[in-house]
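**Q** Fit the two chains together into the complex; they arrive one by one in their own frames, and the hints show the way.
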Amino acid sequence: MPSNPAKLKIIWLQGITCNGNTHSFLNDPSLGRLLESVEFIHHPLLACTLNLSELVEHLPASDILIIEGSYKADFERAYRRMDSVLPALAAKAEHIVSLGSCASFGGIFKEADPERISGIVFDREKALGPLAEMMPKVITLSGCPVHPKWLTFVIDMIRAGKAISVDEFRRPKELYAYLVHNGCLRNEYFEWKVDSDRFGTKEGCLFYAQGCQAPFTHGSCNKILWNEVSSKTRSGTPCFGCTEPSFPKRELFSTKTYMSIPAEVPLGVPKRSYLALTGAAKSFHIKRLEERLIDDNA
Amino acid sequence: MITHELIERIEGEAVLDFRTDREGRVEEANIRFLHFRGMEAILEGRNALDALVIAPRVCGICGHSHLIAAARMLENLYQNGGEALPITSKAYAIREITRLCEVMQNHIKWLYLVMLHESGKLLKLEPPSALKALYVSSKINQLCALFSGQWPHSSYALPGGVTCDPTHIEVMQALKILSEVEGFVREDILGCDVQAYEYTLSDGSLLGLSGDFGTLLRRFEELELLESGKSYGRYLALGDEIGVWEKGERSLADLNLVREDGSKSFDQGGNMYAKNALYGGEFYETGPLARAMLTNRTGIANLHNRYGDTALTRLSARVDEVVVILARVEELLRTLELSEASFIPPEPIQTLSAEGVGIVEAPRGSLIHRARIEKGKITAYSIITPTQWNLGNGTATLPGIAQKAMIGADSIAKASLIFRTFDVCSVCTTH
Numbered sequence: 001m002p003s004n005p006a007k008l009k010i011i012w013l014q015g016i017t018c019n020g021n022t023h024s025f026l027n028d029p030s031l032g033r034l035l036e037s038v039e040f041i042h043h044p045l046l047a048c049t050l051n052l053s054e055l056v057e058h059l060p061a062s063d064i065l066i067i068e069g070s071y072k073a074d075f076e077r078a079y080r081r082m083d084s085v086l087p088a089l090a091a092k093a094e095h096i097v098s099l100g101s102c103a104s105f106g107g108i109f110k111e112a113d114p115e116r117i118s119g120i121v122f123d124r125e126k127a128l129g130p131l132a133e134m135m136p137k138v139i140t141l142s143g144c145p146v147h148p149k150w151l152t153f154v155i156d157m158i159r160a161g162k163a164i165s166v167d168e169f170r171r172p173k174e175l176y177a178y179l180v181h182n183g184c185l186r187n188e189y190f191e192w193k194v195d196s197d198r199f200g201t202k203e204g205c206l207f208y209a210q211g212c213q214a215p216f217t218h219g220s221c222n223k224i225l226w227n228e229v230s231s232k233t234r235s236g237t238p239c240f241g242c243t244e245p246s247f248p249k250r251e252l253f254s255t256k257t258y259m260s261i262p263a264e265v266p267l268g269v270p271k272r273s274y275l276a277l278t279g280a281a282k283s284f285h286i287k288r289l290e291e292r293l294i295d296d297n298a
Numbered sequence: 001m002i003t004h005e006l007i008e009r010i011e012g013e014a015v016l017d018f019r020t021d022r023e024g025r026v027e028e029a030n031i032r033f034l035h036f037r038g039m040e041a042i043l044e045g046r047n048a049l050d051a052l053v054i055a056p057r058v059c060g061i062c063g064h065s066h067l068i069a070a071a072r073m074l075e076n077l078y079q080n081g082g083e084a085l086p087i088t089s090k091a092y093a094i095r096e097i098t099r100l101c102e103v104m105q106n107h108i109k110w111l112y113l114v115m116l117h118e119s120g121k122l123l124k125l126e127p128p129s130a131l132k133a134l135y136v137s138s139k140i141n142q143l144c145a146l147f148s149g150q151w152p153h154s155s156y157a158l159p160g161g162v163t164c165d166p167t168h169i170e171v172m173q174a175l176k177i178l179s180e181v182e183g184f185v186r187e188d189i190l191g192c193d194v195q196a197y198e199y200t201l202s203d204g205s206l207l208g209l210s211g212d213f214g215t216l217l218r219r220f221e222e223l224e225l226l227e228s229g230k231s232y233g234r235y236l237a238l239g240d241e242i243g244v245w246e247k248g249e250r251s252l253a254d255l256n257l258v259r260e261d262g263s264k265s266f267d268q269g270g271n272m273y274a275k276n277a278l279y280g281g282e283f284y285e286t287g288p289l290a291r292a293m294l295t296n297r298t299g300i301a302n303l304h305n306r307y308g309d310t311a312l313t314r315l316s317a318r319v320d321e322v323v324v325i326l327a328r329v330e331e332l333l334r335t336l337e338l339s340e341a342s343f344i345p346p347e348p349i350q351t352l353s354a355e356g357v358g359i360v361e362a363p364r365g366s367l368i369h370r371a372r373i374e375k376g377k378i379t380a381y382s383i384i385t386p387t388q389w390n391l392g393n394g395t396a397t398l399p400g401i402a403q404k405a406m407i408g409a410d411s412i413a414k415a416s417l418i419f420r421t422f423d424v425c426s427v428c429t430t431h
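Chains A and B are the protein sequences, given in the same order.
Numbering follows the working numbering, with no gaps: position 233 of the first sequence is 233.
Numbering follows the working numbering, with no gaps: position 286 of the second sequence is 286.
No wet-lab data here; the hints were simulated from the structure.
Incorrect hints may appear among the rest.
[To be verified] Within a straight-line C-alpha distance of at most 30 Å, the following computed BS3-like cross-link-like pairs (lysine-lysine) qualify:
| id | chain 1 | residue 1 | chain 2 | residue 2 |
| --- | --- | --- | --- | --- |
| 1 | A | 193 | A | 287 |
| 2 | A | 7 | B | 230 |
| 3 | A | 249 | A | 287 |
| 4 | A | 202 | A | 287 |
| 5 | B | 264 | B | 124 |
| 6 | A | 7 | B | 124 |
| 7 | A | 149 | B | 247 |
| 8 | A | 256 | A | 282 |
| 9 | A | 256 | B | 377 |
| 10 | B | 132 | A | 223 |
Pulled out of the complex, with its shape left as it was, chain B reads as follows (with noise of 0.2 Å):
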């Protein structure tokens, strides 16, 4: 039987085809994206700063993560038009402090607004009052606005640095801001100190923390989904850690074996906006759990020793992640170096005729921007977002990532929430 299931509340909506045998379990699961606004194209023809305003419209929750590849993008093609252009640590840390508040407020907002959302609809119980979760995510968001100006929709990062010249006014404000955040995630997320967490993490007992996290994972051993989900296991990070992980081996990557695949969507003749992404010519999970297996953080690492790419070992590298976040962003607060320069002008862009690529790991992996210039002016732009890599559409044979992970479910409801623990965003994939 075909049933086609709209999937709302993923930052737009997707269509997930499912063909399903007798007893109603899942034999395929064809993804598709519905909306599709041109981006590229809107890009081309205009200078190539204008792309630090107008790439982050790609999507309202990782609009920031657009914006820094986007920064990065230019400063590839300034050296590799012949001028290096480094930036200052203290730029550097800015940038890192801003890109890592979005990718918390990101997975605060998942696990409140979707995961324990949508797996109560399926047990039948109350929808939760996410509202303190939100507060929380406000205040992230007010974290990277103090250096950033606003959330969303900056523009604040510029090849060469960053617009802004912080004092110890702001970081002070920003540690304090990042103690509530900490709170939060100790008391609510977790149900324990992050050092009980990492203890539970370690010895497997994760469905007894007694907080929201827990709550979401004993809701995944009700529906019997934890051990679900099951994908190729095989993970790629283009952004800050670059690498490959397959079968318990780590490699470096090679960004030339990138290409994007276009043969479903409409333009050729498909019946899909979206493009595969694919690395030397095969699907690999990019996000959370590929990161935490490509810096062989040890809790998620034997996590997945012992159950493999489950629907337990993705929702805890993503809540992981946030634990992980907020120590490395009051680090970077700590040893913020406020007398160095924020910004070392660069040439005129107007000067400049050449190509660049900057990849940066976003909320839900390696998101990747490409351009070509000449005098400035952009002549081409490509952008290449994380969830192209996870929610690609194979063929039944030989499927994508979340289309292996959802085959096999029991009924169409569990394979749509097993979906979701990819965290799927529609404006990104179509852009």
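Isolated chain A (complex conformation) (with noise of 0.2 Å):
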């Protein structure tokens, strides 16, 4: 890295969006070391050169572009349409980052107008987006909202010149080859296939009753934590599954099950071995997972 490199510029726009990437982002520790290496041409609460108004009309290049929200033809921006602004912006990006699973995939905002509203690149599954052409240059960050710490260290390979390696959807596979599973606290639960029988307390698997998606939801939170200190499933709270093109789906709270299995099994694993596995775990009774983990906390 030379060793005194020219501040990054980034233009940081909204579509139709809650804010939430945008206060999610705010909460990196390490917010401070980050603006010292990087400019913001615009963003929506951090200082930066241009104001909204100005950003729309000058439309200025940039290292990266970064879209929180999801993507409507004829949602303005200071009166601009996004498809005059987004395409326009675009083109004169080094980098694009798609930030949250609305800008994504379309997420929850594309439920109110399923035919119009989609994410830039991808609508849930298929590249049908308008910026689809842009794939190359297009890094997806999914997830409702997104760990700061997924977009800094885009941000920092970037910064450093550095390839990153993505899976089908442009998702950094360091951060999302592994699954939310990955690095819960309840895994031993989930091995010896003991469900939790109610909310509220520290023992048993989320996966058979409750509706968690963990063990097919692509995302490190188990890995990265959130906040630096949890996560959904460290909490007791079931995985949405808010990283994935099929994000929100429905009935999220509870588990569909299939022959007493759940219908979804864990990524890559064939049904019948699982049915067979589940069967073989259940036959033994461990009594040290079947009891309270802490005794005297009720």
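**A** Listed below in structure tokens is the structure:
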């Protein structure tokens, strides 16, 4: 890396959004360090060189264009339609980051108008978004929201001039090759098929009844912890699969079952094998896993 | 003259349409929000529990309040359907801790990213570094996440309690973080300890505070805005503190008097997405100032006595709330009874057909979620956000709360700053 590289110029533009990724990003405890190496041409909350009206007027070039929120052609920012702003900014950007599941696949807000709302490259699984042709320079960071460290990792990699290895949705493999299940504190209950009979306890796996999607959801939630300390599953909440194109599914707090095993089995595992394994695991009664973990904590 | 001013840095954007006289004085200010997502329609048809995942996505900065409102709504719905659903004091306390954390980080971001930034712009000062404030906000969110798993967008509160089952490890970590936050509030925001601050609040010498709050007030004084921003001086809180305050009198609030007025919205031929929230057909202010008046918080009540609902009082009420919350969260953490259950399982929601309402005091004021469900499925969902109360649009003769506060301002730039004292949130207002 050069000793005193120029600051990366970043534009952060919002489509149809709740601002969740903006606020998640502000949670990065090393934000100050990052801001020494980048300059925001525009950001919705942080100090930047152009305000929104100036941004859509000048449509400047950037090193990284970050898009937060889902896409709709006639959605306006500062009186300019997205279909005139986004392609112009994208054409002049070296790299594009699709930040969050709305920008990546359409997300929750797609449900309000499924025919016309999509992600910037993908519409759910299909590459039908307005920037589909620019796919080679797009990095997808799905998640609702995205962990701040996932974004700063991508910015650091671009800054260092390193290639980012990606999956079929252009998600960095180093972040999304893992499943949310990896690193879950309840893994042992999963292994021995001990389900959690209710919410609000430390014990049991949430995959069998409470709707947890961690065994088939890509993401580093239990490797790079949320707010540095926790995750959904660590606080007893099921994973809702928010990094996948299918987010949000329905009936999010219950597991659909088939022959008394989850209808959707862990990623890559044949159903038949999983059924056999479950039968075997359940035939053991492991007293330690059926008891409370800590006695004096009700 | 009519001027359209695009307001940014407010969780989205708004347009203020100003009518000014020859001197540039504001005669009328119309508030428009441009974006609409249709959250209620997205919720309808889903399993009622899905609201706990969808509803927080109304807003990136106060989504946790939407979660708690949805959880309370579902509990109320069980109760109306014949199954009383009490939660343990432990579950209640944990929800309070996380809800109050969200309020605190919101107020700190508002102070640094919005008020200090925008007031500085008006005085042609260099934008301040908000890094320390953002670091502290991230620590507050970390405290929240010790219980809620993450912030933003947790779904850890369910009808019946909370999903987490914390140990003393989390409580001790939370107390450590809280003391770090308390240090920031003391050293950076106030510039003195809490006792000395309370003294300055009672003797009216807030402008002498050496911290960033004092800086903000001195800027407002320099801009001659401290005593501007007066509105109706009537207040409403429907969440955790419940009541109406008007002309020095406090009375109980009646939820039946709450109405949403969409007569100016697009779907009824108007030119905006937002719907007004009215109480007894009139505009009421909600939020930190309303909460301070309704709980009769001495310092703020005295300030109100002396200066009315001016910018000074409104700014002070929001900062003062951070100080009050710090003490409250510490008390909740120190008295948390970990041996109680986190969650009492209710009957499956599929058995239930009923209506429910859940109200919470969110950072910007009273937030209401209402729903009707048939056999566990949502058939109707309605959200009234705090900013619908404060940022509603009336008429030239009967303006809304923030509209009235802007009338008479010297310039549209000053009116826009007064607008921001209400802590504007675009995404919530239209949702």
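**Q** Next step is simple, just say for each hint if it's right about the structure.
**A** Comparing the hints with the structure gives:
1. 193/A with 287/A: OK: residue 193/A and residue 287/A at ~13 Å, within 30 Å.
2. 7/A with 230/B: 45 Å, violated
3. 249/A with 287/A: 35 Å, violated
4. 202/A with 287/A: 16 Å, holds
5. 264/B with 124/B: Violated, at about 37 Å.
6. 7/A with 124/B: 25 Å, holds
7. 149/A with 247/B: Violated, because 51 Å separates the two Cα atoms, which is more than 30 Å.
8. 256/A with 282/A: Holds: residue 256/A and residue 282/A sit about 19 Å apart, inside 30 Å.
9. 256/A with 377/B: 17 Å, holds
10. 132/B with 223/A: 27 Å, holds
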